[in-house]
Amino acid sequence: MIVVEAMAAGCIPIAPKSGAIPEYLHESLLYSNPVEAADKILAMTGMDNLDLKLNLRNTAINFSEEHFRTKFADYFKTLVNSLNGV
1 MIVVEAMAAG
11 CIPIAPKSGA
21 IPEYLHESLL
31 YSNPVEAADK
41 ILAMTGMDNL
51 DLKLNLRNTA
61 INFSEEHFRT
71 KFADYFKTLV
81 NSLNGV
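Using the numbering used here, the first residue of the sequence shown is number 1, and each one after it goes up by one.
There's no promise every hint is true.
[Stated by the list, open to error] Calculated cross-link-like contacts (lysine-lysine; reagent style DSS-like; alpha-carbon spacing at most 27 angstroms):
1. K53 - K71
2. K71 - K40
3. K40 - K77
[What the hints assert, rightly or not] Pairwise CB distance ranges, derived in the manner of DEER restraints:
4. A9 - R69: 20 to 28 angstroms
5. S64 - G19: 44 to 52 angstroms
6. K77 - T45: 40 to 48 angstroms
7. G10 - A38: 37 to 45 angstroms
8. G10 - D39: 31 to 39 angstroms
9. A9 - N81: 36 to 44 angstroms
10. G46 - T78: 42 to 50 angstroms
11. S32 - Y75: 31 to 39 angstroms
12. H67 - A37: 28 to 36 angstroms
13. V86 - N49: 44 to 52 angstroms
14. D51 - E5: 17 to 25 angstroms
15. E5 - D74: 20 to 28 angstroms
16. P16 - L83: 37 to 45 angstroms
17. A20 - T45: 42 to 50 angstroms
If you are wondering where the hints come from, they were derived from the structure by calculation, not from laboratory data.
Using N, Cα and C, we set each Cβ at its ideal position, and we do this for glycine too.
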């Protein structure tokens with residue numbers, strides 16, 4: 001969740017290609033080894049890519065508690081309606 005929190009704060013995270021991170025973070029921000037991580041960090045240092053930051057922030061919104069509650073409630077309503085033949 002630290003990567004998502006950084007995205008929500010408007011930071012551009014550089015993260016390892018492991019776990020679930022590649023599912024929501026663009027390949028250009030992922031690294032496989034320390035040298036690749038250092039290269040990507042240096043490339044992003046001082047870069048103020050507003051479009052990328054906004055894109056990351058919008059992705060992070062999908063992980064918010066409010067979004068989760070809304071999606072869960074929608075799925076639950078759909079399930080109840082299908083069980084009731086609606």
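Hint check:
no. : hint                          : in the structure
1   : K53 - K71                     : 24 angstroms, holds
2   : K71 - K40                     : 34 angstroms, violated
3   : K40 - K77                     : 44 angstroms, violated
4   : A9 - R69: 20 to 28 angstroms  : 21 angstroms, holds
5   : S64 - G19: 44 to 52 angstroms : 20 angstroms, violated
6   : K77 - T45: 40 to 48 angstroms : 47 angstroms, holds
7   : G10 - A38: 37 to 45 angstroms : 22 angstroms, violated
8   : G10 - D39: 31 to 39 angstroms : 23 angstroms, violated
9   : A9 - N81: 36 to 44 angstroms  : 38 angstroms, holds
10  : G46 - T78: 42 to 50 angstroms : 47 angstroms, holds
11  : S32 - Y75: 31 to 39 angstroms : 35 angstroms, holds
12  : H67 - A37: 28 to 36 angstroms : 29 angstroms, holds
13  : V86 - N49: 44 to 52 angstroms : 46 angstroms, holds
14  : D51 - E5: 17 to 25 angstroms  : 20 angstroms, holds
15  : E5 - D74: 20 to 28 angstroms  : 25 angstroms, holds
16  : P16 - L83: 37 to 45 angstroms : 42 angstroms, holds
17  : A20 - T45: 42 to 50 angstroms : 26 angstroms, violated
The earlier numbered hints that this structure contradicts are 2, 3, 5, 7, 8 and 17.
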